[in-house]
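Enquirer: Residue strings, one per chain:
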Amino acid sequence: MKVLMLDQAKCTGCRACEYACSFEHTGKFNPLDSRIKVNEFWEDLTFVPSVCLQCERAYCEEVCPTSALTKNPETGVVELNKEKCIGCKQCIVACPWGSIKLDHTGKEVIKCDNCGGDPACIKVCYPGALSYEEVEDITNVKVQETATRLKEIAKDLVKGGA
Amino acid sequence: MIKGGFKGNLLRVNLTTKEVKSEALNEEWAQKYLGGRGYGTRLLLEEIDPKVDPLSEENKVIFATGPLDGTLAPSSGRTMVITKGPLNGAIACSNAGGHFGPALKHAGYDMIVVEGKSAEPVYIWINKGKVEIRSAKEIWGKLADESDELIRGQTHPLAETMTIGPAGEKLSRISSVMFNGHRASGRTGVGAAVGSKNLKGIAVRGNEDTTVADPEAFMKAIYKARDILSKDAFAGQGAAMLGTAMLVNVINGVGAFPTHNAQDAYFPEANKISGETLREKNLIRNEGCAECPIACGRVTVVKSGPYKGSIGGGPEYESVWSFGAMCGVSDLDAVISANHLCDKYGIDTISMGSTVACAMELYEKGYMPKEDAPFELRFGSGEAMLKAVELACKQEGDFGKLLAQGSYRLAEHYGHPELSMSAKKQEFPAYDPRAIKGMGLEYATSNRGACHVRGYGTAVEVLGDADQYAYEGKAAIIKTLQDLTAALDSSGICLFTTFGLSANELAEMVSTATGFSIDAQEFMKIGERIWNIEKLFNLKAGFTRKDDTLPPRILSEPIKTGPSKGHVEDLGKMLDEYYQLRGWNKDSVPTDEKLKALEVQILK
Ligand code: SF4
Ligand code: SF4
Chain A
1 MKVLMLDQAK CTGCRACEYA CSFEHTGKFN PLDSRIKVNE FWEDLTFVPS VCLQCERAYC
61 EEVCPTSALT KNPETGVVEL NKEKCIGCKQ CIVACPWGSI KLDHTGKEVI KCDNCGGDPA
121 CIKVCYPGAL SYEEVEDITN VKVQETATRL KEIAKDLVKG GA
Chain B
1 MIKGGFKGNL LRVNLTTKEV KSEALNEEWA QKYLGGRGYG TRLLLEEIDP KVDPLSEENK
61 VIFATGPLDG TLAPSSGRTM VITKGPLNGA IACSNAGGHF GPALKHAGYD MIVVEGKSAE
121 PVYIWINKGK VEIRSAKEIW GKLADESDEL IRGQTHPLAE TMTIGPAGEK LSRISSVMFN
181 GHRASGRTGV GAAVGSKNLK GIAVRGNEDT TVADPEAFMK AIYKARDILS KDAFAGQGAA
241 MLGTAMLVNV INGVGAFPTH NAQDAYFPEA NKISGETLRE KNLIRNEGCA ECPIACGRVT
301 VVKSGPYKGS IGGGPEYESV WSFGAMCGVS DLDAVISANH LCDKYGIDTI SMGSTVACAM
361 ELYEKGYMPK EDAPFELRFG SGEAMLKAVE LACKQEGDFG KLLAQGSYRL AEHYGHPELS
421 MSAKKQEFPA YDPRAIKGMG LEYATSNRGA CHVRGYGTAV EVLGDADQYA YEGKAAIIKT
481 LQDLTAALDS SGICLFTTFG LSANELAEMV STATGFSIDA QEFMKIGERI WNIEKLFNLK
541 AGFTRKDDTL PPRILSEPIK TGPSKGHVED LGKMLDEYYQ LRGWNKDSVP TDEKLKALEV
601 QILK
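Heads up: the protein sequence lines correspond to chains A and B, in order.
Be aware that the first sequence starts at 1, since it is given in full-length UniProt numbering, and climbs by one per residue.
Be aware that the second sequence starts at 1, since it is given in full-length UniProt numbering, and climbs by one per residue.
Hints should not be assumed to be uniformly reliable.
[Said to hold, decoys possible] Here are a few chain A residues that face chain B, going by a calculated C-beta distance under 7 Å:
#1 16
#2 19
#3 27
#4 28
Calculated directly from the structure, the hints in this document are not laboratory data.
Every residue gets a Cβ at the ideal spot worked out from N, C-alpha and C, and that includes glycine.
When you get a sec, could you build the whole thing from the sequences and use the hints?
Expert: Okay, structure coming up:
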């Protein structure tokens, strides 16, 4: 299974992902209609992208009174069925991350759907802050990164011991 | 009918009468001049007398986006500030990246025209089409980045801002306008034009879509453009890796890096202030303007010394040079600190560094009374450079006030205007015209005063195939690049895209966005038209052929050391040819035939 991964350290704050996402879903450019959001902390010049994490135990799904939200067991994506959605916004309240939101009209609930398996945001993120990869690969990358850091410490430790 | 790209609305704010109104964009102008620099200049030409004092109530300041702002076009976050320039009285247009431009579009406007003068300090808050003029009494005097935070605190945390720092408030003629607290419209003294209106800032937030005329074709064009850029050696790789400062070693390596107020053009210690060293010692992260795949912006920190902990954007290549080699300084921490300081106070880093260098020469040569400077102002001292920058930023004492007016006024004050490394009173940037011949022509003919982004001949002469020392063919290269960048500046994207993109790709993006039929040829014609109306503005303002020149040093003193040793610049060889190619007479006045061919119906 593939998942959307974020790497804050690489994000340059360009917001291309927001525009690509908005266009993919509406054919227009409007950051308010983007399912991915880049948060800026100008005082530190730091940028943090955030997007739906497709929770295993999705509160949005649990709270939805019409079952408009359901987790697809095959893709892992929490899918929103627009037809069933009554716009009560309970999912927005329930989401601990602010990942489900209203579009710019304030009338429609929107959420990341991984673009059906071909995320638009990834294609414009040149620094590689966003990636869409097999779970096993992601896990490996993170483990490797940690191990590399530990290796340096380990080398120093040996020196200290000698 | 505006089909896309443009929002079709212009916001007019009169600070004298406090009147605010929305106006439809003039579609004929949009077709002929696009947005940004082109439209803004056409409007200014229509609405002000080019002879007015740039700091008077009669001058106007226009914040303009182009049709590509607020779309996914690469590097499309530019905002142009167009006004009669406080530094030299010529047509001024200074642009910055960041996110203000797209936000303005989302708020429903292509541009803001600020007129008149407020009696008290104010800022403008544009929120989803609603406009308020609010008191800025409590923000006046604050640094540009502090003001950004304060204004967002009083409006909306996600608002995008334009602010000026204390330099603009105190009408420094080299002051800048800052976007998002750290992105500078640095040149021509636009900060003072804003300050003269008692305008501290503008905050914008909107919720509207931006749309393009032909979405499918547009997306095809922009994905193509983004792909080309990501593969380009400079834009896609070098600049992303090392920022624009990657050029330090490149330009110094060809002996074109002005040092010690251009007494020489080779800096043996260049490596200490190079992009490579910057990356190793000070870089925290890269930063990109709106939709930018290049992300040449640097976020840097000073890790030791008196300015330890100073965090900010930049420095760009030009600033590394102006505070570094131009002042003979190889202490990168001092250079970075000076850059951060200038951004906070809202002062142009190119002009500032070059002004300090000029002061150093005046001091060392004994052309100014030593007691005028409160400390030893020697080339090579990072400490002295920083102290001088601080004096100018704060405008402390007579000397600080003088420094804040730029090198020309400083050198003139001491009776040696020839020591100002400027053209039309604006300091030239980090490419020595004696070693890159076309750059000299570019500086001399630039409508806003010496500048490297009204063409960027270096791209062809050093990074490309042309011979940097040759005169032949340079007039044609510079003219073409000037026209290209004029049109590009009017479309809303960044000059750096031209490292990879040609007029073909640019025209494709603009035409699919706007629905206007613009091919590469028409795109270049738009650029030429803009260049000509800028020239008309300057002629009306009183500029003549004799203003199209360079400092005597560049024309007569050979470079002393390095790969370009022995070279001087001979403008005469290129200038006549240039006027001829432009279809101007020998006095640099566009001929009637030329204006007719360009469909410019304006009185000369
Ligand atoms: S496209 Fe990538 S780098 Fe740009 S804002 Fe989005 S996550 Fe950050
Ligand atoms: S995967 Fe699709 S829906 Fe989700 S953030 Fe990216 S573009 Fe938007």
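Enquirer: State for each hint whether it applies.
Expert: Consistency of the hints with the structure:
1. Proximity of residue 16 (chain A) to chain B holds as hinted, the smallest CB-CB distance being about 5 Å (cut-off 7 Å).
2. At a threshold of 7 Å, the smallest CB-CB gap from residue 19 (chain A) to chain B is about 4 Å, leaving the interface hint in force.
3. Hint on residue 27 (chain A) holds. Least Cβ distance to chain B is approximately 5 Å, under the 7 Å limit.
4. This hint holds: residue 28 (chain A) has a C-beta 4 Å from the nearest C-beta of chain B, less than the 7 Å allowed.
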